Amino acid sequence: MVNVITSAVLFSAVFLYGCLGEILTEKSGHLNLGIPGIMCMGTAGGAYGVTIVMNAADAAGAEPSYILLLLAALAFGFLFGAAAAAIYGFFTITLRCNQNISGLALTTLGSGLAQFVMNGITDDGIQKTNLSRASRILSKSLPFANDLGWFGQLFLSYGVLVYIAIVVAIIMGIVLKRTRLGLHLRAVGENPATADAVGINVTAYKYGAVTIGGGIAGLGGMFYLLDSTKGSFENSSTIEGFGWLCIALVIFVLWKPNVSILGSILFGLLFLLGYLLGISEPITQNLFKMLPYVVTIIVLIVLSIIDTRENQPPQALGLPYFREER
Amino acid sequence: METTTKNNGQVSERPIAIQLKNITKAFGTKVVANKNVTMDIRKGEILSVLGENGCGKTTLMNMLAGIYYPDSGEIFINGEPVSISSPKDAFEHKIGMVHQHFKLVDVFTAAENITLGLNEKYNKKEIRAKVLAMKERYGFNIDPDKKIYDMSVSEKQTVEIMKVLYRGADFLILDEPTAVLTPQETQKLFSVIRKMRDDGKSIIIITHKLHEVLAISDRVTILRKGEYIDTIATKDANEQILTEMMVGKKIELNIDRTDPVNAEDRLIVENVSYTNHEGRKILDSVSFTARSGEILGIAGISGSGQRELLEAIAGLQKIDTGDILYIDPDTKETIDLRSKTPLQIRDLGVRLSFVPEDRLGMGLVGNMDIIDNMMLRSYDKGSSMFLDRKAPSDLADNVISGLEVVTPSSHTQVRRLSGGNVQKVLVGREISSSPKVLMAAYPVRGLDINSSYLIYNLLNKQKVSGAAVLFVGEDLDVLVALCDRIVVINSGRITGIVDGRTTTKEEVGLLMTKTDN
Numbered sequence: 001m002v003n004v005i006t007s008a009v010l011f012s013a014v015f016l017y018g019c020l021g022e023i024l025t026e027k028s029g030h031l032n033l034g035i036p037g038i039m040c041m042g043t044a045g046g047a048y049g050v051t052i053v054m055n056a057a058d059a060a061g062a063e064p065s066y067i068l069l070l071l072a073a074l075a076f077g078f079l080f081g082a083a084a085a086a087i088y089g090f091f092t093i094t095l096r097c098n099q100n101i102s103g104l105a106l107t108t109l110g111s112g113l114a115q116f117v118m119n120g121i122t123d124d125g126i127q128k129t130n131l132s133r134a135s136r137i138l139s140k141s142l143p144f145a146n147d148l149g150w151f152g153q154l155f156l157s158y159g160v161l162v163y164i165a166i167v168v169a170i171i172m173g174i175v176l177k178r179t180r181l182g183l184h185l186r187a188v189g190e191n192p193a194t195a196d197a198v199g200i201n202v203t204a205y206k207y208g209a210v211t212i213g214g215g216i217a218g219l220g221g222m223f224y225l226l227d228s229t230k231g232s233f234e235n236s237s238t239i240e241g242f243g244w245l246c247i248a249l250v251i252f253v254l255w256k257p258n259v260s261i262l263g264s265i266l267f268g269l270l271f272l273l274g275y276l277l278g279i280s281e282p283i284t285q286n287l288f289k290m291l292p293y294v295v296t297i298i299v300l301i302v303l304s305i306i307d308t309r310e311n312q313p314p315q316a317l318g319l320p321y322f323r324e325e326r
Numbered sequence: 001m002e003t004t005t006k007n008n009g010q011v012s013e014r015p016i017a018i019q020l021k022n023i024t025k026a027f028g029t030k031v032v033a034n035k036n037v038t039m040d041i042r043k044g045e046i047l048s049v050l051g052e053n054g055c056g057k058t059t060l061m062n063m064l065a066g067i068y069y070p071d072s073g074e075i076f077i078n079g080e081p082v083s084i085s086s087p088k089d090a091f092e093h094k095i096g097m098v099h100q101h102f103k104l105v106d107v108f109t110a111a112e113n114i115t116l117g118l119n120e121k122y123n124k125k126e127i128r129a130k131v132l133a134m135k136e137r138y139g140f141n142i143d144p145d146k147k148i149y150d151m152s153v154s155e156k157q158t159v160e161i162m163k164v165l166y167r168g169a170d171f172l173i174l175d176e177p178t179a180v181l182t183p184q185e186t187q188k189l190f191s192v193i194r195k196m197r198d199d200g201k202s203i204i205i206i207t208h209k210l211h212e213v214l215a216i217s218d219r220v221t222i223l224r225k226g227e228y229i230d231t232i233a234t235k236d237a238n239e240q241i242l243t244e245m246m247v248g249k250k251i252e253l254n255i256d257r258t259d260p261v262n263a264e265d266r267l268i269v270e271n272v273s274y275t276n277h278e279g280r281k282i283l284d285s286v287s288f289t290a291r292s293g294e295i296l297g298i299a300g301i302s303g304s305g306q307r308e309l310l311e312a313i314a315g316l317q318k319i320d321t322g323d324i325l326y327i328d329p330d331t332k333e334t335i336d337l338r339s340k341t342p343l344q345i346r347d348l349g350v351r352l353s354f355v356p357e358d359r360l361g362m363g364l365v366g367n368m369d370i371i372d373n374m375m376l377r378s379y380d381k382g383s384s385m386f387l388d389r390k391a392p393s394d395l396a397d398n399v400i401s402g403l404e405v406v407t408p409s410s411h412t413q414v415r416r417l418s419g420g421n422v423q424k425v426l427v428g429r430e431i432s433s434s435p436k437v438l439m440a441a442y443p444v445r446g447l448d449i450n451s452s453y454l455i456y457n458l459l460n461k462q463k464v465s466g467a468a469v470l471f472v473g474e475d476l477d478v479l480v481a482l483c484d485r486i487v488v489i490n491s492g493r494i495t496g497i498v499d500g501r502t503t504t505k506e507e508v509g510l511l512m513t514k515t516d517n
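Each protein sequence line maps, in turn, to chains A and B. Residue 175 in the numbering used here is what sits at position 175 of the first sequence, and the numbering runs on without skipping anything. Residue 235 in the numbering used here is what sits at position 235 of the second sequence, and the numbering runs on without skipping anything.
The shape of chain B in the complex, shown without the other chains (with noise of 0.2 Å):
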């Protein structure tokens, strides 16, 4: 680590304006969020704290926020020791913290979320001209009259994020915040991240993104498990030295994506045109065709239309018109997928596993164990009146083996799981039945990079047995290295099919944007 230290170079001359000294908190007796983190955080900068799913970033985080309160160790502001108890005190010591779920009430508009929790007296006229300036100065682009539900999730973070400034914070801690956004909003966040550095800010995020960690950030603080690894400057790193940091051995970071073969016509979408009840057009004339043995990704911002599509083939979804075909490899014949119920669909081998925002909303019960879990896809086997509960058993433990899922036995409920292991047993069940085809909604979502790479592998093995794979992912640059064709969707309407060989994600990203019609 010696030429870490001397190649910190200007970085490490800036003050030190943050300290957390021995930090440790836990929730019940059994779970250790943060263990003896020591790292500090200095005037100017821009800090990654980076580390895989339940590694305990946004949890000490939540501790300089005043969210949650340590449960030993210190923390010093411009060497006091002081005592974060709540966000008030957090805002008095000029911290300020972008929720990965934003924290706005949706029917206020952008200025009273702005100016929600002041004392101060509520002047239109003078908030507008506060928030004007703020917008010149860091060149955000918002309306402060617009109500939070008329907005997209870039103006949303927009909002959250002069909320903080509003209040005069010089410490912005960001959780995540490129999750939701296009590779443009990125950008324009990073530009706007950047300018408040130049203003003497200092900005930490919260993220396991690694090229957005070396594209943004000054210094990169790795935690594992709950406790600090180290700090090393951003130029020093790369993205092999982080993930070795962050995993704690060496993994392989790329996906091997091998040649279709055999391909021939799996799943027929044509015209599908769906209109909901708040006559909103969610689906608008989408063709296209899925293949054997080939990922076929969908592109889109979140809430164009992929889950209504994808469940429109699992017959879920009524549509207005079109025609879904699935042409059935051993009979080569063509079965109109329309006039099936979902339990016949599901039988001829097409499988559905999304993964929602909340993860557990569709497909597995929370309160359920693994096995009775496994029974939801069974339980209308077997002639016995009772139920077989050997099957489900064993399959359970195969999961739990196969994808390393992280339970103490098949008989924990599902909820008390972390959300990576909740999402492997999912897929793991859809997985389980070697489908015909198989459509996988946002698997990662959420996900550290080693259960991620451990999805995609599986996601590759079904295409290479014969699968038809459909995989609506959020992340550009996985969905470009792992994809053999990308679908992209833009509010229900197809803006393109390109080949996932010769594409960018810059191009990927420019059809999910592009509004003319």
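With the rest of the complex left out, here is chain A (with noise of 0.2 Å):
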């Protein structure tokens, strides 16, 4: 049982950051649906980054620091990320497309360019042991895991990318329900007509949102290269997949990012439902994994049946805005 819930997440904290920076998105008012392709950035700028801090390791002939490996695969891998979204907001915000369009149009993009990026990097065989190693290091479990028998096998036997997710997911809780950013935020997503006439600035928040969104995004898929499958890498259509599940797990948490936590372990067991149970036929496995979007699906179903106020999304989701709009 122990076994299940840890190996459920591994999987996961993908789905989580992924989930979080969809839910950050969404509350100001934008539906990304290019969250796919920027967690394919993600994969590609984690890569990126921890190829340059392994590479200047060799060179110098010394075992890679731990700590440089950790804030080079961060920082690249939310940069990329950030930058793909900031396409997507410029589309949306500043030109007021489209957003599904411009969303798909993003997934495209971003996966494509990161198969690029990572042939890129997995065509050189030292470099495709690199990221490998890098990997082993970067999911390291934390020191005492294994002298604290179940508990610490439960609880403590991930790497450090594990926990910062969680820590984001509550740090977003709290900025979302008790701070002024995040009233000021989810103003901008209800009503930004409501939100401009009283002086917030909408654009910022908005680009703010977005960006930063799909910065954390981005991390989940390079969580997925560095953690999830210990740096092996077939293509982007996995992590694209990973991706429209982060999307469905938006509503499945009812945009709360605490709920999110639990319900990307939910999602990390469903998906892995097939495997866990020793089923080995392609075709019962595949039905498995559809778990996730049917628990999504019934999701919806309640909440349309129940019809409160609350838990729905935000009320101008996908809708431009434009001041002088009549």
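These are calculated hints, taken from the structure and not from any lab test. There's no promise every hint is true.
As the list claims (entries may be wrong) - Calculated pairs, DSSO-like style, for lysine-lysine (alpha carbon to alpha carbon, straight line, at most 30 Å):
(1) B:Lys340 <-> B:Lys318
(2) A:Lys256 <-> B:Lys340
(3) A:Lys177 <-> B:Lys121
(4) B:Lys195 <-> B:Lys147
(5) A:Lys177 <-> B:Lys130
(6) A:Lys256 <-> A:Lys289
(7) A:Lys177 <-> B:Lys156
Remember, predicted model here, so these are calculated numbers, not experimental data.
Fit the two chains together into the complex; they arrive one by one in their own frames, and the hints show the way.
Next up, the structure:
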């Protein structure tokens, strides 16, 4: 049982990062369907970052430093994701283009571009090994995990990136719910005209949420490469698939960052259920992989029956805002 | 105008606080919303800005509130030239605006909305204390922790006003504040406004309701077609003077109410009840009879079940229990409308023109031109496999000339027309088929006085020609002046059926808000 959960958590952090990024974006009224592409970009960014550090270490003939690797992975994963999201932001915020189309286009662009960058890295045998070396360092479990029996297994046996995801979720929950910053951001997503009329800088909040959200989602792609799969990269379509699940997860957890911690673990479990039950036929396995989508649809049905004003998507989600529109 | 300046008396001695000089604002190349407007707002006064639809009242005030930026012209506050390019700038100059469509976040509480956008610390206790202090001072009635979506329209408006006051505004702009209020709520609002004036604040009210202008304001500024006409002291004004200044010509303000001739039962609604999927009773044992040659008014706070009732008659809304019977004028046959489809009901001569708040929501397709919209009612006519465009085209021309629709041509997309003209197209189409029962819901919603009277006359014409007219209205003065009988509906229950000739709007207003069961 403990093993089941620990392996679910390894995937769930991918969902958690992606979901948090999308929650932040949607809170500003932007439905970013480019999240899958952004996560692919995050993968490329993370790979690029650690490759630089590994190459430098090799050149100096030293062991790569854990802190440097961590920082490079985080910084480049975030930057690549944020840069991709900024493209989406420019189209949907400044040019007020259709959000769905811009997002879908970004997904195509992001996964292609990421594939290109990754091929450049993994075509070189040394760099490919470097990726898995870096991954082994980064996914090192907390030092005293093995001394604490099942408790250590369950809670402490993951790489530090998992804990960073959880911390981000908790901080985001507090910021959204308890601070002025969060109140203003929610106001922008609910009713930008209202926010504008009280002097909130709608454009700045939107850009902020979209790019930071993209950065966080990018970390999800980085995590998948450097932790879940221990540095082995097949192609970006797997990550793209995770991206769609993240968008479904946002609905499943009702736009609540702290709920998304548990939600992502559940999604991880559902996603792996086929493997965990020892099913080997690919068809049945793929049927199990549908489960997260099925539960999301069930949540949508339940929500539409309950029909409360809370737990609904931000009211202005998907709508462009132009002050002088008549 | 000599008398005006002389009689201004005490009001004109108040110092000028805001001055607008030669303000011009255009949208695109064609629509000039304001042209060279020069006016002033004094300290501690209530100023009404009066004008017809589309005369640029709201646009002008939006420039003070920082929503729009003028193309040319200057704004002076206390003699200093200022530039107001955002709502934030407006607040810094102590100007706050309460918009016609409330700018509130539904899922936030009153307190969160009131303090939204401020950079002070979010301290619930302090905010509550401040809100309560304002409540004491001006006589508001508000619970700071209530969510907006749980509030009535008048509560929402209170939140809007408090939001502006909380920011320390000295100039309050209220855009059509009474449009959605009952007479009692309006009185309450007026007493709040007077208290604010006595507190030294300047209040600007945008409206096209003349009696309210006369009741509340100190001075009236009149705009027509985007231009400034004049400002006069309210005590020198009356409805006739104001209308003439507003419209630019003399118009008859009386609604001609003829006695019903040969009234016979046409539509009988009996014990109709309907509970929606949330389990809320929308219609509760509603019974009334509509007679031919009579206008039956339906009064009630918006959302009391009027829409569902009319849709049930038109066959668009399923009901749980009750009967809707139609008596055919030719055969005297009683027909059960519940067993008919909407199309069959229409063919019997029962017509519905519903003007929702967004005006386009029902009955017209915004992206289609006037002819195509006429065709929506005749697409199944004719035997050819191709559409007949001739008849709808003639009808469109008739409606345009008969109802004075302002449009470049009958090929103009309906959404490009101004609100009043859209309504004329809708009402015109429904009336054109000489209906036996005409249901007009909010046909003058947001229309100016001139267009409104045009519509009232149309309804009267239908009445004289023997149709049973059901008129759902918001303006109680009009209901009382136009209708032969008025059904008052409150939360889906009929609280009274009164005679239009003997009732008063206060009586109707009380019935609208009666809560005992």
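Would the pair Lys340 of chain B and Lys318 of chain B pass a check requiring their Cα atoms to be no farther apart than 30 Å?
Since the Cα atoms of Lys340 of chain B and Lys318 of chain B sit roughly 11 Å apart, the hinted pair holds (cutoff 30 Å).
Can you confirm whether the C-alpha distance between Lys177 of chain A and Lys156 of chain B stays at or below 30 Å?
Status holds; Cα separation ~23 Å.
### Task
With a cut-off of 30 Å on the C-alpha distance, tell me whether Lys177 of chain A and Lys130 of chain B pass.
Holds, because 22 Å separates the two Cα atoms, which is no more than 30 Å.
Is Lys256 of chain A close enough to Lys340 of chain B, meaning Cα to Cα at most 30 Å? Not satisfied, since the Cα-Cα distance of roughly 48 Å exceeds 30 Å.
Hey, Lys256 of chain A versus Lys289 of chain A, does the alpha-carbon distance stay inside 30 Å? With Cα atoms ~24 Å apart, Lys256 of chain A and Lys289 of chain A stay inside 30 Å; holds.
Do the alpha carbons of Lys177 of chain A and Lys121 of chain B lie within 30 Å of each other, as the hint requires? 14 Å, holds
Q | Restraint status (C-alpha distance of Lys195 of chain B to Lys147 of chain B at most 30 Å) | A | Satisfied, since the Cα-Cα distance of roughly 27 Å is no more than 30 Å.
In summary, the one numbered hint that this structure violates is 2.
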